[in-house]
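Q: Residue-level listing of the chains:
Protein chains: 2
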Amino acid sequence: MYPPDFKSHSVIHAPVTLFPTPFPKKEFNKAIEVQKLFNVLYVNAVKDKNWFSTILSDLANFDPEFTGKLWKTYLKALDIGTVQKLSLGLFRSDYMVDSKNGGTGDLKQIEFNTVSVSFGGLSSKVGELHKYLNATGDYQNNGGQYYQADEELSISESCQKLAEALSQGDYYYNGQIKGDTNTVILFVVQPNERNCFDQRLLEYALLKTHGIKSIRLTLEEIGLKTFTDKETKKLYIKETNAEISVVYYRSGYSPNDYPTQACWDSRLDLEISKAIKCPSLSTQLSGAKKIQQLLTVEKIVRNFLSDEQDVSKIMDTFVKIYPMDDSKEGSIGKKLAFEDPLNYVLKPQREGGGNNIYRESIPGFLENLSKEEWGGYILMELISPPKH
Amino acid sequence: MYPPDFKSHSVIHAPVTLFPTPFPKKEFNKAIEVQKLFNVLYVNAVKDKNWFSTILSDLANFDPEFTGKLWKTYLKALDIGTVQKLSLGLFRSDYMVDSKNGGTGDLKQIEFNTVSVSFGGLSSKVGELHKYLNATGDYQNNGGQYYQADEELSISESCQKLAEALSQGDYYYNGQIKGDTNTVILFVVQPNERNCFDQRLLEYALLKTHGIKSIRLTLEEIGLKTFTDKETKKLYIKETNAEISVVYYRSGYSPNDYPTQACWDSRLDLEISKAIKCPSLSTQLSGAKKIQQLLTVEKIVRNFLSDEQDVSKIMDTFVKIYPMDDSKEGSIGKKLAFEDPLNYVLKPQREGGGNNIYRESIPGFLENLSKEEWGGYILMELISPPKH
Chain X
1 MYPPDFKSHS VIHAPVTLFP TPFPKKEFNK AIEVQKLFNV LYVNAVKDKN
51 WFSTILSDLA NFDPEFTGKL WKTYLKALDI GTVQKLSLGL FRSDYMVDSK
101 NGGTGDLKQI EFNTVSVSFG GLSSKVGELH KYLNATGDYQ NNGGQYYQAD
151 EELSISESCQ KLAEALSQGD YYYNGQIKGD TNTVILFVVQ PNERNCFDQR
201 LLEYALLKTH GIKSIRLTLE EIGLKTFTDK ETKKLYIKET NAEISVVYYR
251 SGYSPNDYPT QACWDSRLDL EISKAIKCPS LSTQLSGAKK IQQLLTVEKI
301 VRNFLSDEQD VSKIMDTFVK IYPMDDSKEG SIGKKLAFED PLNYVLKPQR
351 EGGGNNIYRE SIPGFLENLS KEEWGGYILM ELISPPKH
Chain B
1 MYPPDFKSHS VIHAPVTLFP TPFPKKEFNK AIEVQKLFNV LYVNAVKDKN
51 WFSTILSDLA NFDPEFTGKL WKTYLKALDI GTVQKLSLGL FRSDYMVDSK
101 NGGTGDLKQI EFNTVSVSFG GLSSKVGELH KYLNATGDYQ NNGGQYYQAD
151 EELSISESCQ KLAEALSQGD YYYNGQIKGD TNTVILFVVQ PNERNCFDQR
201 LLEYALLKTH GIKSIRLTLE EIGLKTFTDK ETKKLYIKET NAEISVVYYR
251 SGYSPNDYPT QACWDSRLDL EISKAIKCPS LSTQLSGAKK IQQLLTVEKI
301 VRNFLSDEQD VSKIMDTFVK IYPMDDSKEG SIGKKLAFED PLNYVLKPQR
351 EGGGNNIYRE SIPGFLENLS KEEWGGYILM ELISPPKH
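So the protein sequences, as listed, match chains X and B.
In case it helps, the UniProt record's numbering puts the first sequence at residues 1 to 388.
In case it helps, the UniProt record's numbering puts the second sequence at residues 1 to 388.
For the record, the hints were derived by calculation from the structure and aren't laboratory data.
Some clues are possibly wrong.
In silico DSS-like pairs for lysine-lysine, Cα to Cα no more than 27 Å straight-line [as the list claims (entries may be wrong)]:
{"#": "1", "chain 1": "X", "residue 1": "K161", "chain 2": "B", "residue 2": "K125"}
{"#": "2", "chain 1": "B", "residue 1": "K238", "chain 2": "X", "residue 2": "K131"}
{"#": "3", "chain 1": "B", "residue 1": "K161", "chain 2": "X", "residue 2": "K125"}
{"#": "4", "chain 1": "X", "residue 1": "K25", "chain 2": "B", "residue 2": "K208"}
{"#": "5", "chain 1": "X", "residue 1": "K7", "chain 2": "B", "residue 2": "K7"}
{"#": "6", "chain 1": "B", "residue 1": "K7", "chain 2": "X", "residue 2": "K131"}
{"#": "7", "chain 1": "B", "residue 1": "K25", "chain 2": "X", "residue 2": "K208"}
{"#": "8", "chain 1": "B", "residue 1": "K213", "chain 2": "X", "residue 2": "K125"}
{"#": "9", "chain 1": "B", "residue 1": "K125", "chain 2": "X", "residue 2": "K208"}
{"#": "10", "chain 1": "X", "residue 1": "K213", "chain 2": "B", "residue 2": "K131"}
{"#": "11", "chain 1": "B", "residue 1": "K125", "chain 2": "X", "residue 2": "K131"}
{"#": "12", "chain 1": "X", "residue 1": "K131", "chain 2": "B", "residue 2": "K178"}
{"#": "13", "chain 1": "B", "residue 1": "K131", "chain 2": "X", "residue 2": "K161"}
{"#": "14", "chain 1": "X", "residue 1": "K178", "chain 2": "B", "residue 2": "K7"}
{"#": "15", "chain 1": "B", "residue 1": "K161", "chain 2": "B", "residue 2": "K47"}
{"#": "16", "chain 1": "B", "residue 1": "K131", "chain 2": "X", "residue 2": "K208"}
{"#": "17", "chain 1": "X", "residue 1": "K208", "chain 2": "B", "residue 2": "K208"}
{"#": "18", "chain 1": "X", "residue 1": "K131", "chain 2": "B", "residue 2": "K213"}
{"#": "19", "chain 1": "X", "residue 1": "K131", "chain 2": "B", "residue 2": "K25"}
{"#": "20", "chain 1": "X", "residue 1": "K125", "chain 2": "B", "residue 2": "K25"}
{"#": "21", "chain 1": "B", "residue 1": "K131", "chain 2": "X", "residue 2": "K238"}
{"#": "22", "chain 1": "X", "residue 1": "K213", "chain 2": "B", "residue 2": "K125"}
{"#": "23", "chain 1": "B", "residue 1": "K208", "chain 2": "X", "residue 2": "K161"}
{"#": "24", "chain 1": "X", "residue 1": "K125", "chain 2": "B", "residue 2": "K131"}
{"#": "25", "chain 1": "B", "residue 1": "K161", "chain 2": "X", "residue 2": "K208"}
{"#": "26", "chain 1": "B", "residue 1": "K47", "chain 2": "X", "residue 2": "K125"}
Generate coordinates for the entire structure from the input sequences, incorporating the hints supplied.
A: Okay, here's the thing in structure tokens:
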């Protein structure tokens, strides 16, 4: 979100902590370990077309203006037919440490993001900042080092890893041919993009490490500056005739990103093009809070992961999430929302933490909605991070 | 210099070219080859105390307010006695290609800088910028690469090299002991330093590559935040008791850098401390234009360089420089300044190209000075760079 009175020429740095926040190593490693399981879980959930369609068509009714339009666009693309069977996902699973049960705390998932995940570029920089400040001695009054730099301060490789994933998209688009393919990656960005420095770092890594060029366009520019070959469905940049291998969305996750019908048309055009989408519409939609809630239910998880140990590892990262619908679990959720709101957060389906309703605000908020609308929300147990 | 209406919170990027300027490879390599000869030439000139003192005491009269004060401070330090025999020089020899004689042009020296040479940090970045823009295809309408990246676009290693030189100062200060010496390098900077990003790159390279910390102080802060041990003459930071191995001046080259007498006192204190100065007062003073002029005279060069081939290589880089004094060469200079000013530039002794007088402005400028003041200037043949 833009702050009040934001001018497009203003400079606002990304929010960073000057001090690294301690995080228990065991839980940190657990997060790394379960990431691939989460990838498999979400991909398998999307692949189960019947299950996925039932949930999404229901959700579309609760949020016709956005989730509904994404869903309709997805159905239209299915109807027209898609030539690209591959889809690329750059996911970010957010966690906090929950100290409710004592000890060093337990890794608990906040949410699983499937579109336009930010700060992979800047995260590497923040790690470098902490390492630098530690090395200068600024963390200690006596000028010494507060942390054991190599063991305690790790620099996230997120920037290089995300760029590598995009380069893999390019590689698979080109039939796994190595070398100079001349295809480019399209970054779909917001107008007056505020987060460009995070994105640019990926762009630079793509070019430097993988020799892959990229181009930045807003959804409104797609129709003017790209075209799709009618036969091959290959997507091209008009000006240079460069072929686009991967459409990487850093926009398109909020209704504000689609100011005109032309933007929705462009989203459809991209979806049915041969370029690999990062993410495809179905992958983006799998990030809905309702899906997240369902994928914390053990018997549903078991449908998508075969190994019992894997299921158990995943289940360990969940706090309780209740639907707010007419199911049995839903009736518990509705009760807790009014009787024990201080331990919960109410979340709508859409991306972005700014729309959450916390604690004592929950009952009043729900009372102002019609009960039919409640089903568009989930009720999630609050995590109590340790205080440092 | 600050631009008009400059606010200290303003951001102004350093001036850079978006396109690299072609430079003949042979002349480029020549510049690298003669650099060490220039270092030896200037060091030997400073070491010849009689010769150096005669020139400088004369120059001090022409510019009592600045060169004079530096010279007096130098003499005072000599009088008190200095405990540090080593001095560190980070020099920058500026060149242009002179196309007057046709061909690909000849390497000709503009000036030799002996104090606070800038842009060694940013230069490496500018090379990276050009390499990036070439790789993106932005230099060509068809998106191709305009330059052969590896052969034609070299990235200057100036940032790493300057940091390495400073680390060598630290190493020699510590009696050539390797490992964690805990000494720090003092960057003497200007208040509201505009060029901090250039300097910070050196600071980061020092810390990252050599594990050496640094601290930034203005000349006005030196007296408040450092102290010298009376016995050992070792220089320390008050707050942390950190011992300073090298005093690196990125300030102190202009009268504006000494707003109070305390600044001059601090300069003296630093000069007589045990820390290695980069540069010492005599090395800084050797950058006077008058010295540069004298060091283009072949028989003087021969006094300081023994090898005839070395002398010849150095002489090849000079354009004609005339004194404006009562010598025989001086009378030629005075004549040319009025009869052929369009081919010349008139330069004062002090640092900074902003004070030069060009071409048709020379006669009028000289007429407004008393003839006694002319001796403070040199008249230099203009270089005609090729047009691209």
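Q: Between the alpha carbons of K208 of chain X and K208 of chain B, is the straight-line distance 27 Å or under?
A: Roughly 22 Å between the alpha carbons, so the hint for K208 of chain X and K208 of chain B holds.
Q: Is K7 of chain B close enough to K131 of chain X, meaning Cα to Cα at most 27 Å?
A: With Cα atoms ~32 Å apart, K7 of chain B and K131 of chain X exceed 27 Å; violated.
Q: Between K161 of chain B and K208 of chain X, does the CA-CA distance stay at or below 27 Å?
A: 23 Å, holds
Q: Are the Cα atoms of K47 of chain B and K125 of chain X separated by 27 Å or less?
A: 47 Å, violated
Q: Between K213 of chain X and K131 of chain B, does the CA-CA distance stay at or below 27 Å?
A: Since the Cα atoms of K213 of chain X and K131 of chain B sit roughly 13 Å apart, the hinted pair holds (cutoff 27 Å).
Q: Between the alpha carbons of K125 of chain B and K208 of chain X, is the straight-line distance 27 Å or under?
A: Measuring from Cα to Cα gives roughly 15 Å; hence the hint holds.
Q: Assess, step by step, whether the Cα of K25 of chain B is no farther than 27 Å from the Cα of K208 of chain X, and give holds or violated.
A: 25 Å, holds
Q: Is K125 of chain B close enough to K131 of chain X, meaning Cα to Cα at most 27 Å?
A: Given pair K125 of chain B, K131 of chain X holds - Cα atoms ~22 Å apart, limit 27 Å.
Q: Can you confirm whether the C-alpha distance between K131 of chain X and K25 of chain B stays at or below 27 Å?
A: 40 Å, violated
Q: Under the criterion that the straight-line Cα-Cα distance not exceed 27 Å, is the pair K131 of chain X, K213 of chain B satisfied?
A: Holds, at roughly 13 Å.
Q: Compare the distance between the alpha carbons of K125 of chain X and K131 of chain B with 27 Å, and conclude whether the hinted pair is satisfied.
A: The given pair, whose Cα atoms are some 22 Å apart, holds under the 27 Å limit.
Q: Taking only the CA atoms, is the gap from K161 of chain B to K47 of chain B under or equal to 27 Å?
A: 25 Å, holds
The structure shown violates the earlier hints numbered 6, 14, 19, 20, 26.
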